[in-house]
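Let chain C serve as the given structure and place chain X with the ligands on it in line with the hints.
Next come the chains, spelled out residue by residue.
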Amino acid sequence: MAVVLDKSHRWRVIAAHVFLLAFIAAIIFPFLMIISISLRPGNYAVGELIPSEISLEHWKLALGISYQGLDGQLVEPQFPVLLWLWNSIKIAAMSAAIGLLLSTTCAYAFARMQFKGKRMMMNSLLLMQMFPSVLALVAIYAIFDRIGSHVPALGIDTHGGLVLAYTGGIALHIWTIKGYFDTIPVEIEEAAKVDGATPFQAFRYVLLPMALPILMVVFLLAFIQGIIEYPIASVLLHEKDNLTLAVGAKQFLYPQHYRWGDFAAAAILSGLPITAVFLLAQKWMISGLTAGGVKG
Amino acid sequence: MSDVVLRGIRKAYGEIQTIHGVDLDIRDGEFIVFVGPSGCGKSTLLRMIAGLEDITQGEMLIGGERVNDTPPAKRGVAMVFQSYALYPHMSVYDNMAFGLKLAGVGQNETRTAVERAAKILQIEHLLDRKPKALSGGQRQRVAIGRAIVRKPNVFLFDEPLSNLDAALRVQMRIEITKLHRELATTMIYVTHDQVEAMTLADRIVVLQAGKVEQVGAPLELYHHPANLFVAGFIGSPKMNFVDARISAVEQRGITVQLSDGSSVTAAVESAGASVGAKVTLGIRPEHFCFDTEDATNRISGCVMAVEQLGEATYLYLEVQGAADMLVVRADAAHPARRGETVQLRLPAERCYLFNETGLAYQRRAAVELSK
Ligand SMILES: Nc1ncnc2c1ncn2[C@@H]1O[C@H](COP(=O)(O)OP(=O)(O)O)[C@@H](O)[C@H]1O
Ligand SMILES: [Mg+2]
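If you read the sequences in order, they're chains C and X.
According to the UniProt record's numbering, the first sequence holds residues 1 to 296 in order.
According to the UniProt record's numbering, the second sequence holds residues 1 to 371 in order.
No lab work stands behind these hints, which were simulated from the structure alone.
Note that the coordinates shown come from a computational prediction; the quantities given were computed from them, not determined experimentally.
Any given hint might turn out to be false.
To be verified - Using 27 Å as the maximum straight-line C-alpha spacing, the simulated DSS-like pairs for lysine-lysine come out as follows:
hint	chain 1	residue 1	chain 2	residue 2
1	C	240	C	90
2	X	151	C	193
3	C	90	C	250
4	X	238	C	193
5	X	238	C	295
6	C	90	C	60
7	C	193	X	278
8	X	238	X	278
9	X	151	C	295
10	C	193	C	178
11	C	178	C	295
12	C	116	C	193
13	X	132	C	193
14	C	118	C	178
15	X	119	C	193
16	C	178	C	283
17	C	118	C	193
18	C	283	X	132
19	X	132	C	295
20	X	178	C	178
21	C	193	C	295
22	X	178	C	295
23	C	295	X	119
What the hints assert, rightly or not - For each label pair, taking beta carbons as the anchor points, the in silico distance ranges come out as:
hint	chain 1	residue 1	chain 2	residue 2	range
24	X	37	C	133	54 to 62 Å
25	C	179	X	103	27 to 35 Å
26	X	37	C	118	27 to 35 Å
27	X	125	C	280	54 to 62 Å
Positions of the beta carbon are idealized from the N, C-alpha and C atoms, including for glycine.
Here chain C stands alone, though its shape is the one from the complex (with noise of 0.2 Å):
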């Protein structure tokens, strides 16, 4: 840009830098301490940033290889850390797929379809997931139990029950979408259904591509939740080996023994998937894929 500036915009630039600066800092900082504590010998939260000692206790044991103690005797990996870790994105995964799907359809249905009551409903929609989980905890645990009774599958202490859950979630996700739906022209899809498009075909041809930014942001936003819900998935999940990384994470924490480096490595894996799926969604997440399309 070539544009003429003011001589105090040079200072106004500066400020910015340190503001930002600063703020990136104050999250970066925990970010810092957690990698600092999983590298420190011992169970300590409070100590330097930069460890005079590094030891990989914390991360062997939740790698599950057993280590030295300072004893001499063996310690052996109490908790199954990784499989925690597997369970996590599996469950996100799956409740991110399934809540995508039935938000784009669902969102499909409230964009560009009529009927009667779609204000109250998409309205109601977002009431009611205001209502905030936590305090349904006793309704979701004797739902799940009574779902159990019929289809264990889908009961309590089963994967596909906290993803059944989880999948209820979703009337954010519908609003985004829907959003999103309402900026892309409708003539583009009628253009397609006289091109001789089936309303699906238009939908799954012409819509789907054209909102697909928005489609990984949600499935984005659906995955973490998944990874780091605590609540629900500690009602629902009861056997070791069943545990999502976030509840099972909570183990380390016992009022006798709080065992903060083994927390903070744990909390580093269950970082780990999020990353990764990040990066890989972010090369749909372009924008301007609708540009072009009808005469601005």
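Positioned in the frame of chain C, the structure of chain X with the ligands alone reads:
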């Protein structure tokens, strides 16, 4: 190829009715233009033919078959949208091939069809591009190309040229005429621009507020408008209207008296006319005469403005008793200046006359011949 028949077509959005019973017979291979002011229901009517809007009441036949409940895909129509409505995520080639792919046409055949259409429209070098890398005129060609590869029975165009600049519009107009000659397919074309309508149409359908005002060949509408609305809509600049009263009904026509006292005779059939009735006298800007030897059918006005276009000069006259200024087309070299008073003759055979409800008195048939 197909004919299209509309029988008592009505459209209502909830309580509000926007199309009030349209009857129309569109012949096979005809170029029909729907013209009318913005919001009169042209697009709605076209979309009902395409199957994008359901028909509230009435019956529609395409190629002799009732299509009221047929989805757009099965009507054998192709449509060019005002906004182009290209598929932004597909290349130009895929945009044009989309319909054929859906129809299960083989790859070789598709390629041949697309390349042929691209050649007709001179967009062969653009086939690999995405729509966003095209100019407005090129996008419009792609939209038309997408329509022609499917070899539809009926083409529908919704103001396809309104987004283009003036020069390109003229060029595309000629190309669409050429296209119609080559394909000989029924075409229904919507526009609010009466020049487009006049130049393209075999027949024009003039719409106003969801009603058909008149259907006819371009020159028929120009010479024999059925009513005030059509008379004012067809022709540019628009026809001048002056309130008057019938003072005599004779063999050679109807004589009216303007409110400034002058008398004008219009060569129209006198059926239904009675002395004293209120009427509207109409005359087109290009039909005034400046010769002064004949003493009848004259009015005088004061020149309020002069517009010199080079090919002609338009005078804006204030005439006593007329609500609006009269627009007069004069020779480019006409010497009139602002503030002058000019004398004009209204040739009787050039005058139009409308009764109080706006219906035209039939003009004498000899008029076109003398043109
Ligand atoms: N979806 C709709 N709901 C309600 N009214 C509509 C709708 N679409 C069009 N209309 C009304 O129908 C009338 C005709 O619209 P349209 O056919 O688009 O006019 P045109 O194409 O001649 O400018 C307008 O008055 C418009 O407000
Ligand atoms: Mg329109």
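Does residue 193 (chain C) sit within 27 Å of residue 116 (chain C), going by the straight-line distance between their CA atoms? 24 Å, holds
Is the straight-line distance between the alpha-carbon of residue 178 (chain X) and that of residue 178 (chain C) 27 Å or less? 43 Å, violated
What's the verdict on residue 240 (chain C) and residue 90 (chain C), does the C-alpha distance respect the 27 Å limit or exceed it? 16 Å, holds
Cβ separation of residue 37 (chain X) and residue 133 (chain C), checked against the hinted range 54 to 62 Å: 55 Å, holds
Straight-line Cα separation of residue 193 (chain C) and residue 178 (chain C) no greater than 27 Å? Between residue 193 (chain C) and residue 178 (chain C) the Cα gap is close to 20 Å, so the pair holds against 27 Å.
Given pair status - residue 60 (chain C), residue 90 (chain C), alpha carbons within 27 Å: 23 Å, holds
Quick one, are residue 193 (chain C) and residue 278 (chain X) close enough, alpha carbons at most 27 Å? Given that 27 Å is the threshold and the Cα spacing comes to 52 Å, the pair is violated.
Just to be careful, I want the Cα atoms of residue 295 (chain C) and residue 119 (chain X) compared with a cutoff of 27 Å; is the pair within it? Within the cut-off at roughly 24 Å; holds.
Does residue 90 (chain C) pair with residue 250 (chain C) here, judged by a C-alpha cut-off of 27 Å? 19 Å, holds
Taken at face value, is the distance from the CA of residue 295 (chain C) to the CA of residue 178 (chain X) at most 27 Å? 25 Å, holds
Between residue 193 (chain C) and residue 295 (chain C), does the CA-CA distance stay at or below 27 Å? Satisfied, since the Cα-Cα distance of roughly 19 Å is no more than 27 Å.
Hinted pair, alpha-carbon criterion (27 Å max): residue 151 (chain X), residue 193 (chain C). Please report holds or violated. Distance ~16 Å between residue 151 (chain X) and residue 193 (chain C) Cα, so the pair holds.
Consistency note: the structure conflicts with the earlier hints numbered 4, 5, 7, 20 and 27.
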